[in-house]
Structures are given as structure tokens and as C-alpha cells.
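Here's the letter readout for the chains.
Protein chains: 2
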Amino acid sequence: MRSVEETLGELGEFAVIEAVTARLRQGPQVLLGPGDDAAVLAAPDRRVVASTDLLVEGRHFRREWSTGYQVGRKAAAANLADIAAMGARPTALLVGVGAPASLPVRWVLDLADGLRDESEPVGASVIGGDVVGADTVTIAVTALGDPAGREPVTRSGARPGDVVALAGRVGWSAAGLALLTHASGGDLGEVAESPLIRAHLQPEPPYPAGPVAAEHGATAMIDVSDGLVQDLGHLAAASRVAIDVDPAALELTPLLAAAARCGVDPYDWVLAGGEDHALAATFPSDAGLPPGWRRIGRVLAGGGVTVGGRPYRGAGGWAHFGGDPPVP
Amino acid sequence: MRSVEETLGELGEFAVIEAVTARLRQGPQVLLGPGDDAAVLAAPDRRVVASTDLLVEGRHFRREWSTGYQVGRKAAAANLADIAAMGARPTALLVGVGAPASLPVRWVLDLADGLRDESEPVGASVIGGDVVGADTVTIAVTALGDPAGREPVTRSGARPGDVVALAGRVGWSAAGLALLTHASGGDLGEVAESPLIRAHLQPEPPYPAGPVAAEHGATAMIDVSDGLVQDLGHLAAASRVAIDVDPAALELTPLLAAAARCGVDPYDWVLAGGEDHALAATFPSDAGLPPGWRRIGRVLAGGGVTVGGRPYRGAGGWAHFGGDPPVP
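Chain order of the listed sequences is A and B. Each residue of the first sequence is one higher than the last, beginning at 1 in this note's numbering. Each residue of the second sequence is one higher than the last, beginning at 1 in this note's numbering.
Worth double-checking, as some hints may not be accurate.
Claimed, not checked - Coverage of chain B stretches by chain A, computed from C-beta distances (three or more under 8 Å per stretch; other residues unrestricted): (1) 36–43; (2) 165–172; (3) 263–277; (4) 299–312.
To be verified - Facing chain A, according to a computed beta carbon distance under 10 Å, are these residues of chain B, among others: (5) T21; (6) L31; (7) R46; (8) V48; (9) D53; (10) A88; (11) R159; (12) L252; (13) T253.
In short, the hints are calculated from the structure, not lab data. Only a predicted model underlies this, so the values are computations on that prediction, with no experimental measurement involved. The C-beta atom is built at its ideal place from N, Cα and C for all residues, glycine as well.
Please build the complete structure, drawing on both the sequences and the hints.
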């Protein structure tokens with residue numbers, strides 16, 4: 001028995017893949033799991049929903065802040081939320097890992113556990129992957145999903161008169177990141193156990209709200225990954241409508257203490273903070289909102305996103321090639 | 001109109017994605033293409049085949065040797081070959097790109113063209129992707145496929161008495177790499193236009209041979225990506241059989257001049273060279289081989305791979321975390 005205290009280089013590619021695979025469990029939708037040239041997945045609906053994301057150390061996570069387990073959960077969450085945002089049920093993940101030979105095997109096993117533990121409760125399995133050498137830890141996740149007989153909900157179906165609704169939290173991850181950054185090099189003190197920091201390190205997307213919204217006639221839906229105003233902007237542009245967000249409908253209370261500590265306007269976190277993977281959707285005004293969804297605004301004729309009738313000129317969401325490194 | 005002479009950082013993430021998407025074409029199997037939270041793909045067989053690979057600059061390709069176009073074709077080929085090796089028809093790619101802000105937009109557009117041009121002839125479309133900042137150019141490709149009513153061919157069905165057969169070339173890519181390395185810093189001279197170098201920069205997997213083999217009752221199949229002996233070893237282990245390769249059945253002629261130039265035993269290239277993405281399969285001995293396949297050995301009781309009845313002690317295929325950087 002080799003030790004998990006070994007590095008990837010000492011253990012070798014195939015043994016690493018074997019050790020990772022041994023920690024995974026395959027659900028009944030998996031017809032052939034990891035270990036062959038490709039996996040085989042059931043697609044009972046005759047359609048499959050697919051999305052992919054790349055996470056890079058130093059930009060999307062830091063190993064000094066996040067455990068491998070947390071990175072695994074976060075990487076899975078970002079992709080599973082994309083599937084939920086189509087109104088579909090996640091069924092599978094494929095995960096490519098690039099890592100230096102010096103990385104402890106333990107970190108990769110923790111990553112696999114995190115991917116597994118985020119996926120299993122929603123019915124998805126890690127069905128395949130790749131492990132290669134790289135100078136920087138890099139994680140590529142592809143998520144697959146089953147529309148389960150429902151029409152996938154795109155970004156482009158919102159109509160003037162629709163209600164804009166939100167499921168899940170916004171601003172928590174940005175607040176957690178601000179607490180971490182604010183304390184950088186120093187002591188986190190009493191905020192070390194803050195649910196905001198936990199929300200940054202391990203987001204909790206409201207997965208079931210996606211299929212529920214599709215079931216209840218959502219006209220458009222999007223995963224809020226880059227910031228509420230920015231992502232509603234994508235939805236508005238795709239639907240060729242305007243959206244007005246009601247600031248009074250946004251929940252600030254959990255953020256107020258952290259905002260005071262960091263000297264930040266909590267609206268910047270709520271309106272522009274990314275990575276919580278809330279879901280935003282539009283519903284016909286007369287439909288009533290399904291459980292888990294709350295009204296945060298309305299769809300109007302025109303274009304762009306306003307907050308309380310005014311343009312939002314705050315932090316503005318993420319820019320992946322912006323001047324300052326955006327994250328973390 | 002912005003110029004493609006710009007860098008990724010100047011153009012910005014969303015404009016880059018838009019420019020890439022504009023160059024892609026979506027086949028009839030794509031129900032919803034790029035631009036939403038996820039794509040939607042037809043899966044008429046109620047099953048989907050899925051595989052993923054990560055390619056890292058300096059390890060899987062070099063920008064001074066390969067154009068973006070060639071990297072795109074090679075990245076697509078590696079994944080499409082995995083789908084073919086299941087006997088399935090490739091239908092879609094999802095591609096994550098990590099790149100420094102200083103990378104010219106042109107390189108990424110060339111990459112997209114290469115991905116498209118490798119995929120379209122086999123009926124696959126690039127249906128989704130992600131572009132993020134990274135210090136090293138990193139390309140994550142996930143390929144999806146349709147079994148098209150056939151049972152996927154795994155690595156584990158070979159039986160003693162089966163014929164081992166090969167479709168496509170082996171050793172060409174390794175020979176091309178050796179020519180490039182041999183000439184490193186110097187002039188490639190008359191070998192600059194060598195088909196071996198082309199084979200290294202842009203492999204040509206025998207895609208149709210995969211479904212054809214499944215149709216003709218192949219009992220096991222594998223994509224030869226790491227080296228013939230090593231990959232046959234994976235097939236033999238999964239099937240719990242032994243394989244003996246007939247060295248006289250392997251085609252050396254196209255490699256002889258390059259082998260002499262580099263002072264290499266051409267059998268090392270043929271038996272241990274990776275990245276050609278040939279397909280190796282086993283067929284019941286009485287079945288006769290389908291077009292495109294040639295006999296290279298036989299399946300025996302036992303375990304392991306021999307060449308002409310003897311253990312092969314040559315270069316041994318790739319090791320992704322080995323002592324020396326394995327590639328290129």
C-alpha cells in the first residue's frame with residue numbers, strides 16, 4: 001500500500017487515477033464508469049445538457065485558503081449550477097486535473113471527495129477524467145444533465161411584464177472573499193468561522209430551484225456566477241428586454257457586519273459579487289412563484305439593467321482579463 | 001470592428017468568446033449551441049459517450065512548433081479518437097481555454113478553426129466552452145458521442161484466440177517529434193516538410209474505423225495514445241488476457257530514413273510512440289477483418305504484452321509525471 005503522503009510524481013499518473021476512481025461512486029445513470037476510453041451515460045430524454053468551466057489556481061482558488069475538498073466542491077458547484085440553470089437535472093461530471101509533480105496525492109484525493117460529495121446529493125456521478133502535469137493546479141470540469149422531459153430554459157425567453165425572481169444567495173461569496181482579503185497576512189479572529197467565508201470557499205447553489213422553475217413555467221433563467229447585475233444583463237440582452245431590480249427586495253442583513261468591518265457598501269456585494277451560483281429567472285407575472293423563489297424585480301421593454309430605476313455604477317462583476325487579477 | 005492583432009486582455013473575455021463562437025458552425029444534432037448556461041445536444045440513442053483530456057503548453061504542445069490551428073486539430077483529434085475507440089460517432093466538443101492576457105486573439109481564433117475543422121468532417125460540433133486567464137496556455141476538451149444503436153466496445157472483452165488488429169499509423173508522431181527535437185535550435189533542412197513532422201503536429205486518427213469495428217463484432221478496442229505496447233497492455237489487463245504482437249506485421253518503411261537520421265531503433269517508435277491515435281481492437285478469429293484494419297497479433301491466455309513472444313523492454317510509452325519531461 002503506497003501512502004497518500006506521496007506526491008503525484010512519486011505515485012505516477014495511472015496509480016493516481018486508480019486511487020481517485022476508487023473513491024468515486026457511480027449512480028444508476030452511469031452505464032460505464034471511469035477506466036475505459038470514454039464513459040457511457042444514460043440519456044433517457046434523448047437530449048443531454050452540457051457545460052464546461054476551467055478553474056486555475058491563483059485566479060479561481062488559492063491552496064492556502066481552500067482545501068482540496070473545498071476546491072472540489074466549488075468546481076463541481078459552478079458546473080452543476082449551469083445545468084440547473086437550464087432547468088435540467090445534473091447527471092455526470094468529467095474532470096481534468098493539471099498539477100505539478102510535487103503536489104501531494106492527498107490534495108487530489110480530497111479534490112475527488114469534494115467533487116463526489118457535491119455531485120452525489122443532486123444525483124450526478126464523476127464518470128471520467130484526466131490527470132496531467134502542469135505548473136499550476138488547473139481543474140477543468142464538464143457537467144452533463146438530463147432535461148427530464150422539460151423544455152430547457154434559456155436566457156432568451158423573458159418578456160416585458162414578467163417577474164424577475166431569485167433563488168439562493170447573492171453577495172455572500174464576495175463578502176467572504178473580502179473578509180479573507182481584509183485579514184490577509186493577519187488573524188481572521190472572530191470572523192474565521194463566518195458563514196460568509198464558508199460561502200466563498202464552498203458555495204451552496206439552490207440546485208432543485210432550477211428544475212422547479214422550469215416546471216413552473218420560467219420564461220428565462222441564468223446562473224448568477226459573475227454578479228447579479230452583470231448576469232441579469234446577459235439575460236436581458238439575450239431576451240432583448242430591460243430589467244429593473246428592486247433594491248428593497250435584496251437581502252442585506254447577513255452582510256452588514258462584514259460590510260462595516262471591510263468598509264464596503266453591501267449593495268456592491270449583492271449587485272456585483274460573483275460565485276454564489278444563485279439562480280435568477282423570469283416568470284409570467286400571473287404565474288405565482290414556486291417555492292424557493294422570491295421576487296427581486298421586473299422585466300420591461302427596452303434594454304439593460306437598472307436598480308431602482310437607475311443605472312448601476314458599482315463594482316460591475318468580474319472581468320477575466322481585466323487590469324487587476326480579478327480573483328481571489 | 002476590433003482587430004485580431006489585439007491580445008485577449010485588450011479584447012476581453014466576452015468579446016473573445018463572441019469572436020470564437022462566430023467561427024463555429026452547429027450541426028443538426030445541436031439543439032442549443034454556445035451562448036447560454038449550457039448547450040443542449042440530441043442523444044437519439046438514449047445514451048451518450050463522454051471523454052475528457054487536458055493539454056498543457058510545454059508538455060503537450062509548443063507554440064514555437066505548432067500553430068494555434070494545429071493545436072486545435074490535435075486537441076480535438078485526441079478526444080474524438082476516444083469516442084471512436086468506443087465504436088461511437090462523435091457529436092460534440094466542449095472546450096475550456098486558459099491563456100495569459102498577452103496571448104494574441106488570433107491564436108485563439110486559429111485554435112477554434114482547428115477544433116472546428118477536425119470535428120466537422122466526423123459530424124461533431126463545438127457546442128460550448130470557457131475562456132479564463134492562466135499563466136500557461138491550457139486546453140481542456142470534452143468530447144461527446146452517440147453509440148448509434150451499437151453496444152459500446154470497451155477494453156475488457158478480448159478473449160484468447162481473438163485477432164489483434166490495428167487501424168491507422170503508429171510511430172509517426174514519435175518520429176516527427178524526434179526530427180523536431182534532433183533539429184532543435186538548428187535547421188530542419190530537407191525534413192521540414194516531412195509527413196512525420198506533420199503527423200506529430202496534426203495527427204490523423206482513423207475515426208471511421210471505430211464504428212466499423214463495432215459493427216464487425218470487435219470484442220475490445222482502445223485508442224493508441226500512449227504507445228502501442230502500453231495501450232495494448234491496458235486492453236490486456238482490462239480483458240485479463242495476454243497479447244502477442246507480431247513485429248513483422250508492423251510497418252516500418254515510412255520511418256526508416258528518420259530513424260537513421262536520429263540514430264533510433266524504429267521499433268521503439270512503432271511500439272512505444274504515442275499521440276498517433278491509431279485504434280487497436282480485437283476481433284473473433286473467425287470474423288475476418290473489416291476494411292481499414294490489419295492484423296498485428298493475437299490474444300492468448302495469461303497476462304501482459306509480448307512482441308514476437310518476448311517481453312518488450314524499449315522506451316515504454318509515456319509517463320505524465322516521470323523524471324524527464326515526457327513531451328515534447
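Now for the hints, and whether the structure bears them out:
A stretch counts as covered by a chain when three or more of its residues have a beta carbon under 8 Å from one of that chain; for the region 36–43 of chain B and chain A the count is 8, and the coverage holds. With 0 residues having a Cβ less than 8 Å from any Cβ of chain A, the region 165–172 of chain B misses the three-residue criterion, and the hint is violated. Counting residues of the region 263–277 of chain B whose CB lies closer than 8 Å to any CB of chain A gives 0, so the stated coverage by that chain is violated, three being the minimum. Counting residues of the region 299–312 of chain B whose C-beta sits closer than 8 Å to any C-beta of chain A gives 0, which falls short of three, so the coverage hint is violated.
With a least beta-carbon distance of about 13 Å to chain A, the hint placing T21 (chain B) at the interface is violated under the 10 Å criterion. Evaluation of the L31 (chain B) hint against chain A yields a held restraint, the C-beta minimum of about 6 Å falling below 10 Å. For R46 (chain B), the suggested interface contact is upheld, since its CB lies about 5 Å from the closest CB of chain A, less than 10 Å. Because the beta carbon of V48 (chain B) sits about 5 Å from the nearest beta carbon in chain A, less than 10 Å, this interface hint is met.
A hinted interface residue such as D53 (chain B) counts as satisfied when its beta carbon comes closer than 10 Å to some beta carbon of chain A; here the least separation is about 5 Å, so the hint holds. Proximity of A88 (chain B) to chain A holds as hinted, the smallest CB-CB distance being about 7 Å (cut-off 10 Å). The interface hint given for R159 (chain B) is broken, as the beta carbon of that residue sits about 17 Å from the closest beta carbon of chain A, more than 10 Å. At its closest, the beta carbon of L252 (chain B) sits 27 Å from a beta carbon of chain A; the interface hint therefore is violated under the 10 Å criterion.
A cut of 10 Å between beta carbons decides the hint on T253 (chain B): the least distance to chain A is about 29 Å, and the hint is violated.
Checked against the numbered hints given earlier, the structure breaks hints 2, 3, 4, 5, 11, 12, 13 and satisfies all the rest.
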